[in-house]
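Add chains B, C, D, E and F to chain A, keeping to what the hints say.
Residue numbers (our numbering), protein chains in the order written: chain A, 1 to 232; chain B, 1001 to 1232; chain C, 2001 to 2232; chain D, 3001 to 3232; chain E, 4001 to 4232; chain F, 5001 to 5232.
Honestly, the hints are just simulated from the structure, not real lab data.
None of the values given here were measured: they were computed from a predicted structure.
Be aware that a few hints might be false.
As the list claims (entries may be wrong) - Cross-link-like lysine-lysine pairs, in silico, DSS-like; alpha carbons within 27 Å at most:
#1 K3196(D) <-> K5123(F)
#2 K123(A) <-> K2123(C)
#3 K39(A) <-> K1123(B)
#4 K4123(E) <-> K4002(E)
6 protein chains.
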Amino acid sequence: MKPVVVRNISRADGSVIEALGSYGVASVHEAQGRLGLMKTYMRPIWPGAVIAGSAVTVLAEPGDNWMLHVAIEQVKPGDIVVVGVTADNTDGMFGDLLATSLKARGGIGLVIDAGCRDVKDLKEMGFPVWSRAISAKGTVKATPGSVNIPVVCAGVNVNPGDVIVADDDGVVVVPRAQAAEVAVTAKARIANEAEKRRRLASGELGLDMYNMRDPLARAGLVYVDTLEDLDK
Amino acid sequence: MKPVVVRNISRADGSVIEALGSYGVASVHEAQGRLGLMKTYMRPIWPGAVIAGSAVTVLAEPGDNWMLHVAIEQVKPGDIVVVGVTADNTDGMFGDLLATSLKARGGIGLVIDAGCRDVKDLKEMGFPVWSRAISAKGTVKATPGSVNIPVVCAGVNVNPGDVIVADDDGVVVVPRAQAAEVAVTAKARIANEAEKRRRLASGELGLDMYNMRDPLARAGLVYVDTLEDLDK
Amino acid sequence: MKPVVVRNISRADGSVIEALGSYGVASVHEAQGRLGLMKTYMRPIWPGAVIAGSAVTVLAEPGDNWMLHVAIEQVKPGDIVVVGVTADNTDGMFGDLLATSLKARGGIGLVIDAGCRDVKDLKEMGFPVWSRAISAKGTVKATPGSVNIPVVCAGVNVNPGDVIVADDDGVVVVPRAQAAEVAVTAKARIANEAEKRRRLASGELGLDMYNMRDPLARAGLVYVDTLEDLDK
Amino acid sequence: MKPVVVRNISRADGSVIEALGSYGVASVHEAQGRLGLMKTYMRPIWPGAVIAGSAVTVLAEPGDNWMLHVAIEQVKPGDIVVVGVTADNTDGMFGDLLATSLKARGGIGLVIDAGCRDVKDLKEMGFPVWSRAISAKGTVKATPGSVNIPVVCAGVNVNPGDVIVADDDGVVVVPRAQAAEVAVTAKARIANEAEKRRRLASGELGLDMYNMRDPLARAGLVYVDTLEDLDK
Amino acid sequence: MKPVVVRNISRADGSVIEALGSYGVASVHEAQGRLGLMKTYMRPIWPGAVIAGSAVTVLAEPGDNWMLHVAIEQVKPGDIVVVGVTADNTDGMFGDLLATSLKARGGIGLVIDAGCRDVKDLKEMGFPVWSRAISAKGTVKATPGSVNIPVVCAGVNVNPGDVIVADDDGVVVVPRAQAAEVAVTAKARIANEAEKRRRLASGELGLDMYNMRDPLARAGLVYVDTLEDLDK
Amino acid sequence: MKPVVVRNISRADGSVIEALGSYGVASVHEAQGRLGLMKTYMRPIWPGAVIAGSAVTVLAEPGDNWMLHVAIEQVKPGDIVVVGVTADNTDGMFGDLLATSLKARGGIGLVIDAGCRDVKDLKEMGFPVWSRAISAKGTVKATPGSVNIPVVCAGVNVNPGDVIVADDDGVVVVPRAQAAEVAVTAKARIANEAEKRRRLASGELGLDMYNMRDPLARAGLVYVDTLEDLDK
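Next up, chain A with everything else stripped away, as it sits in the complex (with noise of 0.2 Å):
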């Protein structure tokens, strides 16, 4: 495929947006059907933030971020930028060059499978990166890329617009076209958690409150005193 940067794409809804981040990662993934989750090897490179917003996907060579200018000129307030790369690599292609750049232009993070650097200059700026390495190695500038094509990071299909949640538990993808039903499932999960999670801390138990003794007992599992018991 020739290297090409697509200039239209659709974003899912503001408040659509603004709901799954406040949900965070682990809910959103369940209310998909655990979907969409990022390989566990992306890690912020600082702890703490959680972002949501619309991705603004990268195709890039290994240790080549000619496409990470190309991009920003793409970014929306609010987007995303989401960087895949045709091989594995941990070369550090984002810094805090690019990162004032990006921001500058509204964009409110990046999701690199790859390597980033000048940690502590974006950790002052407050400006987070998930990304699979840490690493000061320098890139070049010699082989272009694509911009807002389908890519896949770090083990996800994301496709330009889909939106992205980050958080201390990792980067989960919802494809733009179900994010408003990923949302509504989401809220009621949340929801749901709340009248759980003060029976438990109340001291019931989650065999009690879900129903597991009957289930556990059919699938075999049997209760003995000491383990010499089960032999008797």
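Relative to chain A, chains B, C, D, E and F alone:
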């Protein structure tokens, strides 16, 4: 083996457990002859916690957290739940709801050879977890496992009632029958280190304090002014 | 080769070392042509430290910290001890006692291609370490190695007296003979970046600031409104 | 998304598939602009096999091989089953019984981002598999997934009907719509290489054949007799 | 614990061991409830060997093969030596001299959670080894460990006298007391598979043979002609 | 450092190189004091080859194989090209065309701390390669590196002209100046092993042949009949 829950386990003496916790992982590991240390991939999900307690063990299928609910009923105040799985896995088998339940029953921490989620909530609760991964990946409740049987967790055999000590250096397991003796050895070791620390801080060399110069010379170590002198 | 300690090593000029430390790992790495960066598995055991100093090198057997005691005698104020091992290893070869001793002799940090322990103590002491692992695993004192010979640490060749710069981005090695020149280049680079940062912060695009549009077009990059337009 | 099986998929032309197989993974990968290569952890369970076919895709839960039975019904002669999973996993989801069934329906191979077992039997059957691991770990049939939807396998997006080429170098995916064009490009590339191979075998240097000397000099490469000459 | 060699261990019945070997790793693993499988990093150093025997266990320090000499004296014809180490290590603790000695005493194979060397010689001798790495790295004889105590090898607890089965799929451990029962279960499983294999080879689908269609429908699986039909 | 090609390098004596090759990696590694072994991830792309030759070194950028063409011009018959890269990388930097060229100039093998492709062709050519990965990923020719400067390859420092020995056990580097001495030591070691092998094959124990019983007892090893006897 059929799935089983063992209700009665023996625990080490409370004062021994408390003492072991105060010595920390490195000292306890040394005191028992450099045994019992879990693999280094086991890391705290937030830094700074130090805990010691009796192991309530769980053998679970990867990606299936059914037995965690079962285990919580067997927990007594001060216990630590230790989870081994039957194949390598990083799914998020433990989160804030289970932590709420475990804490309500007196559990003081979790050690899991798999993933953990809701990291931010767990940190805010002050509930410490040592895990091989952080992952929002949801789990099923399909196959029963066992509680309070011997399990392997992160490369170490753990019997129910063994003493677990965990801090920023990792996790060490002390067999229950040896806990008192290890505590005595560790205490002596700690006392001995205070004097060493004072001497080293004053600038005395380990080479002299430990009388290493002669053994090193006998082992063939030579001193030269420059590398070129070596071939003379 | 027989085990040897080289007593006399040359060091770079103190003002050069200080300057390199002020520029940070990423800038220094760039300034010397993207060379000398240690592998990304080398991470600080606590965040935020930035150090620069002359390397006192150690070649040790895996799981054997005897030579660390030997090395400390060769340390001068401002030095950094750099430890390579002869096979991959994560054992905790360095802890609070050795740190106390190293600090007392003026050492300002440790870079070790193996494990480190007593993380909490080291953090409280403010003593920075970059290591490939955190591990409480104890070590032996059985086989001598060497001090102040060329070693490989985390994929980079380090000669005694080379300048080490380490921060949250990792560790970079500057050959002693090139340190002054690299410092000049890095300084110019830093100065140049301040102006770029200002322009990018104001919303100017890297595409324009770096005149990338023509080269990208020549490399075949095309812009379309939608992906479907590409096949027209 | 709810679990779904898509019955009708489009496949590339048989002669195109056959041609792509004859060119091999490396040439096909180059011919489509160095895209579509699966991660290097995907290895053949026995060496020497070369296959090309249309992808029947499967999205499965880790450790759950229920959907493989479902997928086999959708296979047409010459197809290759490609399995992605929703979280990293190495369990043995495929063995000799499933291979017998898949082969009986005309399937010619399997590409799975998880584990495979019965390696000796599969080798004796001559049934090729590319997997991320070999593992005897058994699996459950608890959660449905999907068949013939877009999946991510080993870092590459695979759509049903895409052409898969696999050999000892790995696995490459060719989007169905581009298969014919890629085949033409690859054929030209192969033809071009034969002449190059002849010239290189005769001792001609790539430096001369590709006219690299001038570009290298312009990029700053210098020749010296000894390393010491560099500083003169 | 002090270093110890236990001289008397119980072994399973020879005919049971032989039977388990004939069923292979995958079937034995299934027959004991999917337990006892070593981690997938344990690979044969040459393909094709299948062995079954009683475990003589060794707990060794990483990089120290002293105890292998000690263990060989305890080996009886048909035994397999199983080596666990106290920290992750890949050094070459076993080579052709030790293999010559072990073979002379009747040992039939080695399973080691560390490295192995002299691979070509071992292959020519026909002596099978399963290891986590191949490494020529030499080892010391500095610290005693133990023989015939419970050890953890590649994530599985192994007691002396347990039955080890190893083939191209990996290594499985059968507790001695359960070996006879597991052999009976595995035999039935194998018999059952022959008929299944015949039916699948004839083109019958697993979907029908295992009556999966109804459970799948109940679990929510739907069939559509094209993906677009899903949203109708 | 600027990119440079050093034309004149010194090589070890041909008879020394031949001798080292005949002893194999493990013996040579031992003979030079257990130094110089590359990391265990370096594996032959096909089994059975044994080579020894002089290193022509290459420092390349990851994913950029320009310097391999440059290096081939510097190769003399019997040389082995050794490639280090400036950051971790697995791209396929070497394939059948480069092998044809290298072979035509007398090169006998390649050792590369990156990926290799065209595995089947290379095997058919009988051209041996040791690499960290097999990957069809194509590379660019964008940035010059250097030839015949000191490089780090797989954790070992390699100087141009050093002797490389590679076989199924891995790759070992012998500094040129020490090659003759190491060959003498290795020869003696090999001779010594033949007698040991004969005695071990006859059933004599290493415990007796090496007089280990007393040192083991002094180190605290005890023998008991059963584990229960230990506590008596």
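Hints and how they fare:
1. Proximity of K3196(D) to K5123(F) is assessed by CA-CA distance (about 20 Å); at most 27 Å being required, the pair is judged to hold.
2. This hinted pair checks out: K123(A) and K2123(C) have alpha carbons roughly 20 Å apart, not beyond 27 Å.
3. Only pairs whose Cα atoms come within 27 Å are accepted, and K39(A) paired with K1123(B) is accepted, the gap being roughly 22 Å.
4. A threshold of 27 Å between alpha carbons decides the hint, and for K4123(E) with K4002(E) the separation of about 36 Å lies outside it, so the pair is violated.
Violated hint: 4 only; the structure is consistent with all others.
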